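Here the protein sequences line up with chains A and B, keeping their order. When we follow the working numbering, the leftmost residue of the first sequence carries the number 1, and every step to the right adds one. When we follow the working numbering, the leftmost residue of the second sequence carries the number 1, and every step to the right adds one.
These are calculated hints, taken from the structure and not from any lab test. These numbers were taken from a predicted model, which means no experiment stands behind them. Be aware that a few hints might be false.
Simulated restraints on C-beta separations [said to hold, decoys possible]:
hint, chain 1, residue 1, chain 2, residue 2, range
1, B, Ala-140, A, Ile-63, 21 to 29 Å
2, A, Glu-111, B, Ala-119, 13 to 21 Å
3, A, Glu-111, B, Asp-50, 35 to 43 Å
4, B, Leu-72, A, Ala-65, 23 to 31 Å
5, B, Val-123, A, Leu-127, 15 to 23 Å
6, A, Asp-64, B, Lys-153, 41 to 49 Å
7, A, Ala-65, B, Ala-152, 28 to 36 Å
8, B, Ala-95, A, Ala-85, 27 to 35 Å
9, A, Met-115, B, Ser-76, 18 to 26 Å
10, B, Leu-51, A, Ser-82, 23 to 31 Å
11, A, Ala-51, B, Gly-120, 16 to 24 Å
Using N, Cα and C, we set each Cβ at its ideal position, and we do this for glycine too.
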Amino acid sequence: MVVIFHDFSFTFFKIISLEFFAPGSFVTCVMDANNTFDSDLIHAIFKHIWARRFRERERSDAIDATEAEIALGTTKKNRLASANANALKLSCELLKSFVSEAVQRAAIIAEAEGMDKIEATHLERILPQLLLDF
Amino acid sequence: MLIEYHSPYNAAFWNWRVYFSLYYRIAQQVHRRKPSSCFAMDVGGEDISDLQVDQIVEDDSMDDLIRDRFRLSAISIAEAEAKKNGMEIGGPVVACVADLAFKYAENVAKDLELFAHHAGRKVVNMDDVVLSAHRNDNLAASLRSLCNELKAKEPQSDRKRKKGSAKKEDKASSSNAVRITTDL
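Make the full structure from the sequences, and use the hints.
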């Protein structure tokens with residue numbers, strides 16, 4: 001179940017019960033102006049990880065490559081990946097939805113308990129399903 | 001703003017803060033002897049060269065900088081989200097969420113690279129990102145709709161520009177050819 005927010009009024013607690021909390025359900029899908037991750041930051045993170053993996057592949061290629069593979073040309077070329085601008089925007093949204101989902105689901109649990117502060121126990125309870133969904 | 005690593009003796013890079021933080025991190029590593037990814041276990045008894053040590057040091061400082069920036073953004077997003085729900089969120093909880101999000105970002109980066117490589121491409125596409133969200137149908141649907149929105153926004157301006165520039169190039173080249181022949 002996807003709940004789409006177009007304004008910041010918060011009425012979905014009245015609509016849904018805890019039964020919706022089934023595998024595959026989804027709490028938020030915010031598509032309007034909201035603070036999100038910086039595209040440059042995500043780009044920096046991806047480049048950092050891709051560069052690290054590139055270096056590790058180079059190192060292991062230097063060690064592992066058998067002469068037969070080199071002769072046959074079956075070793076794959078070790079390319080350094082780069083990202084499209086739109087792909088970066090999408091992945092910003094993806095990471096933002098991860099954080100939003102975590103907070104929203106924990107808030108539901110906390111609300112069900114009648115507390116007004118999200119604690120670690122609430123996060124703990126939603127964590128398995130969150131990690132399976134992402 | 002990324003730190004550009006030119007040489008270890010670049011004065012602009014090595015101001016006292018960076019030097020201190022790097023020294024602290026090297027000391028941590030030496031003290032803990034933690035097996036980081038650069039101390040590869042398959043390298044056996046090989047000594048780590050100076051270049052690799054420099055790389056490790058740069059990696060760690062870059063890593064921490066990126067992590068801190070990411071944590072700040074994640075914290076602000078989480079707090080805005082909690083406020084939207086009318087709840088407060090505890091400090092350790094939000095730090096935990098930020099760390100989880102960073103680990104997830106690392107996995108996403110790895111997946112995107114694998115998908116792009118599998119498709120025989122070097123550049124990661126929007127389709128790769130949509131594919132990396134395949135585990136949850138709702139998430140995939142929302143990402144796909146965002147993808148279509150982004151595609152709908154740009155190609156009109158891009159296609160017109162491409163067509164226009166191609167036509168202009170053709171005209172220019174043909175007019176040049178005419179000029180050359182008439183000159184002769």
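Verification of the hints:
no. : hint                              : verdict
1   : B:Ala-140 - A:Ile-63: 21 to 29 Å  : violated, 39 Å
2   : A:Glu-111 - B:Ala-119: 13 to 21 Å : violated, 43 Å
3   : A:Glu-111 - B:Asp-50: 35 to 43 Å  : violated, 56 Å
4   : B:Leu-72 - A:Ala-65: 23 to 31 Å   : violated, 42 Å
5   : B:Val-123 - A:Leu-127: 15 to 23 Å : violated, 34 Å
6   : A:Asp-64 - B:Lys-153: 41 to 49 Å  : holds, 45 Å
7   : A:Ala-65 - B:Ala-152: 28 to 36 Å  : violated, 45 Å
8   : B:Ala-95 - A:Ala-85: 27 to 35 Å   : holds, 30 Å
9   : A:Met-115 - B:Ser-76: 18 to 26 Å  : holds, 23 Å
10  : B:Leu-51 - A:Ser-82: 23 to 31 Å   : holds, 24 Å
11  : A:Ala-51 - B:Gly-120: 16 to 24 Å  : holds, 21 Å
Going through the hint list in order, the structure does not satisfy hints 1, 2, 3, 4, 5, 7.
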